Amino acid sequence: MARAISRNSKIGWTVAAWLVALIIFFPILYTIITSLKTEQEAIAGFDLIPSFSFSSYETVQNQNNYFRPFMNSVVIAVGSTLLALIVAIPAAWAMAFSPTKRTKDILMWMLSTKMMPAVAVLVPIYLIFLRTGLMDTRTGLVIILMLMNLPIVIWMLYTYFREIPGEILEAARMDGATLRDEILYILTPMAVPGIASTMLLNIILAWNEAFWTIQLTTTNAAPLSAFIASFSSPQGLFWAKLSAASTMAIAPILILGWFSQKQLVRGLTFGAVK
Amino acid sequence: MATRQTASLARLMRAPAIILLLIWMLIPLGMTLYYSFLNYNLLNPANTSWAGWFNYQYFYTDPAFFEAIWNTIVLVMGVLLITVCGGIAIAMLIDKPIFGQGIVRILVISPFFVMPPVAALIWKNMIMHPSYGVFADIAKFFGASPVDWFATYPLLSIIIIVAWQWLPFATLILLTSLQSLDGEQMEAAEMDGAPAISRFIYLTLPHMARAITVVVLIQTIFLLGIYAEILVTTNGGPGYASTNLTFLIYRAARLNFDIGGAAAGGIIAVILANFVAIFLMRAVGKNLD
Numbered sequence: 001m002a003r004a005i006s007r008n009s010k011i012g013w014t015v016a017a018w019l020v021a022l023i024i025f026f027p028i029l030y031t032i033i034t035s036l037k038t039e040q041e042a043i044a045g046f047d048l049i050p051s052f053s054f055s056s057y058e059t060v061q062n063q064n065n066y067f068r069p070f071m072n073s074v075v076i077a078v079g080s081t082l083l084a085l086i087v088a089i090p091a092a093w094a095m096a097f098s099p100t101k102r103t104k105d106i107l108m109w110m111l112s113t114k115m116m117p118a119v120a121v122l123v124p125i126y127l128i129f130l131r132t133g134l135m136d137t138r139t140g141l142v143i144i145l146m147l148m149n150l151p152i153v154i155w156m157l158y159t160y161f162r163e164i165p166g167e168i169l170e171a172a173r174m175d176g177a178t179l180r181d182e183i184l185y186i187l188t189p190m191a192v193p194g195i196a197s198t199m200l201l202n203i204i205l206a207w208n209e210a211f212w213t214i215q216l217t218t219t220n221a222a223p224l225s226a227f228i229a230s231f232s233s234p235q236g237l238f239w240a241k242l243s244a245a246s247t248m249a250i251a252p253i254l255i256l257g258w259f260s261q262k263q264l265v266r267g268l269t270f271g272a273v274k
Numbered sequence: 001m002a003t004r005q006t007a008s009l010a011r012l013m014r015a016p017a018i019i020l021l022l023i024w025m026l027i028p029l030g031m032t033l034y035y036s037f038l039n040y041n042l043l044n045p046a047n048t049s050w051a052g053w054f055n056y057q058y059f060y061t062d063p064a065f066f067e068a069i070w071n072t073i074v075l076v077m078g079v080l081l082i083t084v085c086g087g088i089a090i091a092m093l094i095d096k097p098i099f100g101q102g103i104v105r106i107l108v109i110s111p112f113f114v115m116p117p118v119a120a121l122i123w124k125n126m127i128m129h130p131s132y133g134v135f136a137d138i139a140k141f142f143g144a145s146p147v148d149w150f151a152t153y154p155l156l157s158i159i160i161i162v163a164w165q166w167l168p169f170a171t172l173i174l175l176t177s178l179q180s181l182d183g184e185q186m187e188a189a190e191m192d193g194a195p196a197i198s199r200f201i202y203l204t205l206p207h208m209a210r211a212i213t214v215v216v217l218i219q220t221i222f223l224l225g226i227y228a229e230i231l232v233t234t235n236g237g238p239g240y241a242s243t244n245l246t247f248l249i250y251r252a253a254r255l256n257f258d259i260g261g262a263a264a265g266g267i268i269a270v271i272l273a274n275f276v277a278i279f280l281m282r283a284v285g286k287n288l289d
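Chains as they are written, first to last, in the numbering used here: chain C, 1 to 274; chain L, 1 to 289.
Just chain C, same shape as in the assembly (with noise of 0.2 Å):
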């Protein structure tokens, strides 16, 4: 009897986390069912069943040259984070490996700068893009996000660095290894799953950025949060165009996220629940 009882009440808690999985999940679903709409059924009322025309992602690509802002919004987000790596490897590496007494203060203050809100500086970095010509480029967007981030990284990082067991590396040196040996056999295949993680967060982070994008772009650098926003003001029937808009923009980093949720929680909240 018992058995019969714990069943039914899975059953019962299955049918109640789908409801809320799904009413949570529906704005997202509604925009895809929406974005295989024509213009004039995406008007006319509430309807699950698509007629699956393509037509919006034809002139979301024609008219907006789509293509444009999804390339910026690669090249920032890859390129802001490839620059953060770069520069947090080393010091991550160092802070875990060769710990000094001022390591957990600076780790600290590495996460205060986090704390700034960005509209603090929004003036000076805005006067400095003006007169630097950094305004409405690539490259300025993937300086300030990587410098946004860089804290972020080097603390998740940090954290999977520490994981790394001192005693292998002690029983590598006793084995003769070199310190470029250690770097190269050892800690590098073990550090590889964690660089992994924390670049797939920060990809996300910095694709998802919308303050600084839409400050500092117009057009030519406009990644797809700057490129969506635009759509805000609609003009004549935009319903379906805005919906596979917004599809495209948010498919590729849905996917990503799926696969990064326990990095997630790690590298949000800086290594304080796992």
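Bear in mind the hints are in silico, worked out from the structure with no lab data behind them. Some clues are possibly wrong.
[What the hints assert, rightly or not] With a cut-off of at most 25 Å between alpha-carbon atoms, the simulated PhoX-like pairs for lysine-lysine come out as follows:
no.: 1; chain 1: L; residue 1: Lys-286; chain 2: C; residue 2: Lys-101
no.: 2; chain 1: L; residue 1: Lys-286; chain 2: C; residue 2: Lys-262
no.: 3; chain 1: C; residue 1: Lys-10; chain 2: C; residue 2: Lys-114
no.: 4; chain 1: C; residue 1: Lys-10; chain 2: L; residue 2: Lys-96
no.: 5; chain 1: L; residue 1: Lys-96; chain 2: C; residue 2: Lys-262
no.: 6; chain 1: L; residue 1: Lys-286; chain 2: C; residue 2: Lys-114
no.: 7; chain 1: C; residue 1: Lys-114; chain 2: C; residue 2: Lys-101
no.: 8; chain 1: L; residue 1: Lys-286; chain 2: C; residue 2: Lys-104
no.: 9; chain 1: C; residue 1: Lys-104; chain 2: C; residue 2: Lys-114
Keep in mind that this is a model prediction, so the values were computed, not measured.
Following the hints, complete the assembly by docking chain L onto the known chain C.
Showing chain L alone in chain C's frame:
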């Protein structure tokens, strides 16, 4: 010998990151502080002069400033209330033995990966639009008249959108914490006849306390900077009804070209964020050893 070599190498490896972050922090903040004492308008840059505390006074006595501070607090508190309570409930629901747990998890965390302008525009046009939105369709189905969300409840509408974006984050972190709860302790309490509510209050909640604190603090840091959601939905209006401090500073800098005023606002934002940051740093610092 090796250690000294390692130590200097370590210093060399740390240096670029430290120097970059020092520059990133000191130069722009220093410039903001300097500008905040200037009469400096981009429309009339030739007339720049020393302003003393005028920008602060001006910002502080502007009624829009208090409205923006109030909106910032309501926005942060509203979103925190929804995400923490909702997050606890959903985390406990997903933690039950259910069919298709993996897929449910994926569906629930998805909104977090939607970039802010997309999230806001989806809600504005597909869900909350007074004539074509799903809410309007539901209202019409029940014979009620649709609500013009952004005109009638601008701040509440933004709270709903932002809460939708951050609910997955709270859920995911609380779920992670919930999964480390000692199952045996829970079983023992169950066998001793402790009702579900007592088990929740005396076992589950204390266990999650730390995770809840982290969720509240980290979200607050991000919620203080809400910008794109406001820009694409209400643009801060009607009037200043949905303008938070971030948006007010943006208005001053980019729409009024008032560099001095915006800088003074920026300094106030830094002070506000620091209050939260101090608590967050303590929570994180405890975990570092």
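Hint-by-hint comparison with the structure:
1. L/Lys-286 / C/Lys-101: Holds. L/Lys-286 to C/Lys-101 sits at ~16 Å (cutoff 25 Å).
2. L/Lys-286 / C/Lys-262: holds, 22 Å
3. C/Lys-10 / C/Lys-114: violated, 43 Å
4. C/Lys-10 / L/Lys-96: Holds, at roughly 8 Å.
5. L/Lys-96 / C/Lys-262: Judged against 25 Å, a Cα distance of about 19 Å means the pair holds.
6. L/Lys-286 / C/Lys-114: holds, 18 Å
7. C/Lys-114 / C/Lys-101: holds, 22 Å
8. L/Lys-286 / C/Lys-104: holds, 11 Å
9. C/Lys-104 / C/Lys-114: OK: C/Lys-104 and C/Lys-114 at ~16 Å, within 25 Å.
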